[in-house]
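Enquirer: Single-letter residue listing:
Protein chains: 2
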Amino acid sequence: MIGPYQLLGHNKKYVMDNSLLTVSWEDGKVVMIDQTKLPKKLEYVKYTKYQDIAKAIKRLIIRGAPAIGVAAAFGLCLASFQSKAGSTAELLSDMEIAYTLLRGTRPTAVNLVWALDLVMKKAREGNSVNQIRKGILDYSLKIAQDDVSTNKKLGKYGAELINDGEVVLTHCNAGSLATVAYGTALGVIRAARKSGKEVRVIATETRPVMQGSRLTAFELKHDGIDVCLIPDTAVGYVMSQKMISRVIVGADRVLRTGHVFNKIGTYQVAVMANRHMIPFYVAAPMSTFDLESDIGDIVIEQRDAREILQVGNRVITPKGVDVLNPAFDITPPELIAGIITEEGILQPPFKKNFKYIKGR
Amino acid sequence: MIGPYQLLGHNKKYVMDNSLLTVSWEDGKVVMIDQTKLPKKLEYVKYTKYQDIAKAIKRLIIRGAPAIGVAAAFGLCLASFQSKAGSTAELLSDMEIAYTLLRGTRPTAVNLVWALDLVMKKAREGNSVNQIRKGILDYSLKIAQDDVSTNKKLGKYGAELINDGEVVLTHCNAGSLATVAYGTALGVIRAARKSGKEVRVIATETRPVMQGSRLTAFELKHDGIDVCLIPDTAVGYVMSQKMISRVIVGADRVLRTGHVFNKIGTYQVAVMANRHMIPFYVAAPMSTFDLESDIGDIVIEQRDAREILQVGNRVITPKGVDVLNPAFDITPPELIAGIITEEGILQPPFKKNFKYIKGR
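From first to last, the protein sequence lines are chains X and W.
So the first sequence is numbered by numbering that gives the first Met the number 0: it starts at 0 and just counts up by one.
So the second sequence is numbered by numbering that gives the first Met the number 0: it starts at 0 and just counts up by one.
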């Protein structure tokens, strides 16, 4: 087991303060927190095969759009080391197989494809097997390190929105555990706290996988940030009781129209916020933006019925009951007050304002 | 263990078809399904002390506004038999103690107070200890039997609303398990099916106590009615996918303004239905109406944090995390298309239309 101060690779101590490090590269291995064990155990797992990275993503050992992007990039690095290729063509061919497997693990988060495509592009630039291996590892480490600095920039922009004493509702986990470290939505909370503001968090449990109860509550407690859990059914109640001043959630994919794909339940949180005139913000790095696709192009992942039928290994439902278990929903732009990115806060109308975002 | 064909008392076989009988009186004992054991085991418990009825209500062995009303009435009957009173005054005094305990078990459902008050009124009419005992038992049995006939009438009115092939979303359990038998919201489904219409149900899990997964799914499967479970977070998704034609829920208390107190999460289901122009109906017997109180008078029960912190005995959250666990929320009248009662369907404006309800 490695601690939260673990190196992010290259023997260069990364500035992690006291934060959790979700995924890292260490001596030819991909190291990640096994999030299925949280909050009971903070356990790190090490992988040397890309196939195991694919399984880890599928089984939610690692989850969160930015984190699975980095994990998949490291997965391609493992594939390059696993390959016995004697030529760059053979290596690229082996990596294509790994690419396909990794890409197929989860369909909705765009960061997965984004990171995989970047690494494959980098690989194609190499002139020898070893040059490719070194090139994509350096590049993947950079993606991982950029993730943290991106989150810190994003957090700083977001923190400016927040007033002292606010109570922010968040859904699912868009925290350090959804990224390499620091987090997006929870990065905003961290940055606001760092700037001296008192901020408290109300976290939804987030059925069925309970990322709120297990992960958001865990990492906020870990950092000494005040957090209160509510069932997903109580969102309307706490809003009607005027307990919430702002909502901040993450995103798995943001379209150019401003439609946000995020954890199932986000849409209804946004509708409730709208009804109660509570500003609803999305925090997402530019790597989560998909400016090419239309809504109809995006597959909403349907997950295993067992997530609903049982808790742990304990079946809680009658035998043979049907289940619908979509992992994501779509929040339309008219419900969103702004999208917090590392390049600033995107205000509506999003479609028009995308062009003011640097480099677009 | 007694079967679903069990007598409701007085050796008179009650017309139960194949339905579950939630609570009944049998040879000086109150018999109820232990709903905390569902769906794993259909287990009946028998009580001879009113104190145990109070515990059973508090621990959700029995729940659902109409069912706890009947259980509490039977609880007073037990108290009258437990009492060693030699005079009617002594008996009434003993019953007052039981009344206070039973009334304090849960604050939000009005049927509890309604049934207790009726039985106490009946008790005060008696001229001897034994006359009181017999009088309130007969009367409580009538309340129980009336509950079923009320639900059947209510169901018939509600069934007229429903078109062949509808998919109805329901929240929590307003079924036979929330009443003596047949149910309110699910009574409407049963009546629609009986009249030859095909109706399918999408049931929310209903965190934290999972009445949807455990009870609604169980009783609909038991009756051969098609049911599909979704997490509470997926209400917006299924509505946006146009999978729902109508919402029908129960109620724990309906005010003269048309404000409906019901299971936590009902309010946001109503808001989502409103956004998607899906008619949202409440099914509630007249015993659930409280025409005296104002919103501010009603206590929203806050339940044990353990319902959120653990599933069964397994803790799923980090140590020391704060929790907010309100059991009910308030749906305002502007979100409600109609309230289905045994005296007809109340249409908005509710406050004005109450006077057309028979006997008001």
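Misleading hints may appear alongside valid ones.
Each pair may be met inside one copy or between any two copies, as identical chains are not told apart.
Pairs of lysine-lysine residues, derived as BS3-like cross-links and limited to a Cα-Cα distance of at most 30 Å, are as follows [stated by the list, open to error]:
1) K133 to K54
2) K36 to K318
3) K45 to K318
4) K83 to K196
5) K318 to K220
6) K151 to K318
7) K152 to K354
8) K350 to K45
9) K318 to K241
10) K57 to K318
11) K40 to K133
12) K196 to K318
13) K39 to K318
14) K354 to K28
Treat the hints as calculated values from the structure; they're not laboratory data.
Enquirer: Does each hint hold? Answer for all of them.
Expert: Consistency of the hints with the structure:
In this assembly of identical chains, K133 and K54 lie within 30 Å of each other by CA distance solely inside one copy; the values are 25 Å within and 67 Å between copies. For the homomeric pair K36 and K318, the shortest alpha-carbon distances inside one copy (27 Å) and between copies (14 Å) are both at most 30 Å. Taking the shortest Cα distances, K45 and K318 sit within 30 Å of each other only across copies (27 Å), while inside one copy they are farther apart (37 Å). In this homomeric assembly, K83 and K196 never come within 30 Å of each other (Cα to Cα): the closest approach is 54 Å inside a single copy and 64 Å across copies.
In the homo-oligomer, the alpha carbons of K318 and K220 lie at most 30 Å apart only across protomers (9 Å), although the nearest pairing inside one protomer, at 37 Å, exceeds that limit. For the homomeric pair K151 and K318, the shortest alpha-carbon distance between copies (28 Å) is at most 30 Å, but the shortest distance inside one copy (47 Å) is not. Proximity of K152 to K354 under the C-alpha cut-off of 30 Å is restricted to the intra-copy arrangement: shortest distance 20 Å within a copy versus 61 Å between copies. In this assembly of identical chains, K350 and K45 lie within 30 Å of each other by CA distance neither inside one copy nor across copies; the values are 42 Å within and 64 Å between.
Proximity of K318 to K241 under the C-alpha cut-off of 30 Å is restricted to the inter-copy arrangement: shortest distance 27 Å between copies versus 41 Å within a copy. Taking identical chains as interchangeable, the C-alpha atoms of K57 and K318 lie at most 30 Å apart whether they share a chain (25 Å) or sit on different chains (28 Å). In this homomeric assembly, K40 and K133 never come within 30 Å of each other (Cα to Cα): the closest approach is 34 Å inside a single copy and 59 Å across copies. With identical chains, the CA atoms of K196 and K318 are at most 30 Å apart between copies only, with a shortest distance of 25 Å across copies and 50 Å within one.
Proximity of K39 and K318 under a CA criterion of 30 Å is satisfied in both settings, with 29 Å inside one chain copy and 9 Å between copies. When the C-alpha separation of K354 and K28 is checked against a cutoff of 30 Å, the pair qualifies neither within a copy, at 40 Å, nor between copies, at 74 Å.
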